[in-house]
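> If you read the protein sequences in the order shown, they are chains A and B.
Using the numbering used here, you'd call the opening residue of the first sequence number 1 and step up by one each time.
Using the numbering used here, you'd call the opening residue of the second sequence number 1 and step up by one each time.
Hints were generated in silico from the structure; no laboratory data involved.
A virtual CB, placed ideally from N, CA and C, is assigned to each residue, including glycine.
Among these hints, one or two may not hold up.
What the hints assert, rightly or not - Some but not every residue of chain B turned toward chain A, in silico, with C-beta under 7 angstroms:
1. 98
2. 102
3. 103
4. 105
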Amino acid sequence: DQQVKQNSPSLSVQEGRISILNCDYTNSMFDYFLWYKKYPAEGPTFLISISSIKDKNEDGRFTVFLNKSAKHLSLHIVPSQPGDSAVYFCAARELNSGYALNFGKGTSLLVTP
Amino acid sequence: DVKVTQSSRYLVKRTGEKVFLECVQDMDHENMFWYRQDPGLGLRLIYFSYDVKMKEKGDIPEGYSVSREKKERFSLILESTSTNQTSMYLCASRDTGVAQHFGDGTRLSIL
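For reference, chain B alone in the conformation it holds in the complex (with noise of 0.2 angstroms):
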């Protein structure tokens, strides 16, 4: 089975804070992904890396970095966090195959 795991469940920042937001994927896939989920919104992609050290903006970078240093890791950073940035973080990972492994993502709550 595949294992996405990300590194924390619960975060809770205040405005301002740089954030690291870590996923691990034990399967050696190439293609790793960020989304956010927010309610009425589903899920909308933030970034993507289809190798170590390349990455793809998704539908919404802004305020968001990304960092893939190892094909396993792959980092989601929010700058200076805002208010807005309070969300669902999802990280997956992709095979060769069409779908996506998810891990059970990050709930992170900017005071």
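Okay, chain A solo, but in the shape it has when bound (with noise of 0.2 angstroms):
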């Protein structure tokens, strides 16, 4: 069964707006979660990660928020830029499992000008 959960397989927004990409999780093991952004044709990229036990990480354009209580995570982009087109994936490490990632099925985003 799937323990990472991105419920929006696509979004649109325009240039210059605010992308925010949403995540689910089921599992309380997990200790990290990060984002990974993905170009057709190229392998993920590590974009931003936040531990358990924190509530928020900022990185540049980058924000991810975390809310245990309600088991979702979110990814801000502000401002979207046109190169932020790509599939967007959520993934969660859990404590003390091997250091395997569970991945969410991703979300494209199109930012478009």
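From these two lone chains plus the hints, build me the complex, please.
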């Protein structure tokens, strides 16, 4: 069963606006959450992570928010740029699981000029 | 920068053939991983290795095996390919941090 869920397969946002990508999870043993970005015909690129003991982490235009009580995290991109158009994967690591990551199915973001 | 190199970008094989997918990383990472990516399914873990000659099954190991004879190299083996193994195969490695670093993938088509 899917422990990391990205319920929106796609999202379209205008350039300059905020993009919000959402992710839900079911496993309380996840200790780290990560976001990856993937362009077609390339491997996923690590964007940003957050520890389960924090509720926010920021890196430039990218901010990840974690709501543990709701088992929900989100990635905010501000301002969105056309080059941000890609598939974004949410991933989570389970404590003491041997370093493997559980991935969501991805959300395809399109940033229009 | 971490460099994870997958030997082929595109491969076309026939059903029943044996296929080796090679992955090399240049950062002395202990942990290496093989995933497959399919539309609508995200990335699914096939196998991973946390040291030379060590391997662990992931979520979908059936039909696959792996080999890790040297620290920098992690091979995925499809003993007898079938059409349902047509997919994008992604190799990753991990250092002491939490993030995994991916290669550019091999798009494998089984006819």
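> Next step is simple, just say for each hint if it's right about the structure.
Taking the hints in turn, this is what the structure says about them:
{"no.": "1", "hint": "98", "result": "5 angstroms, holds"}
{"no.": "2", "hint": "102", "result": "3 angstroms, holds"}
{"no.": "3", "hint": "103", "result": "5 angstroms, holds"}
{"no.": "4", "hint": "105", "result": "5 angstroms, holds"}
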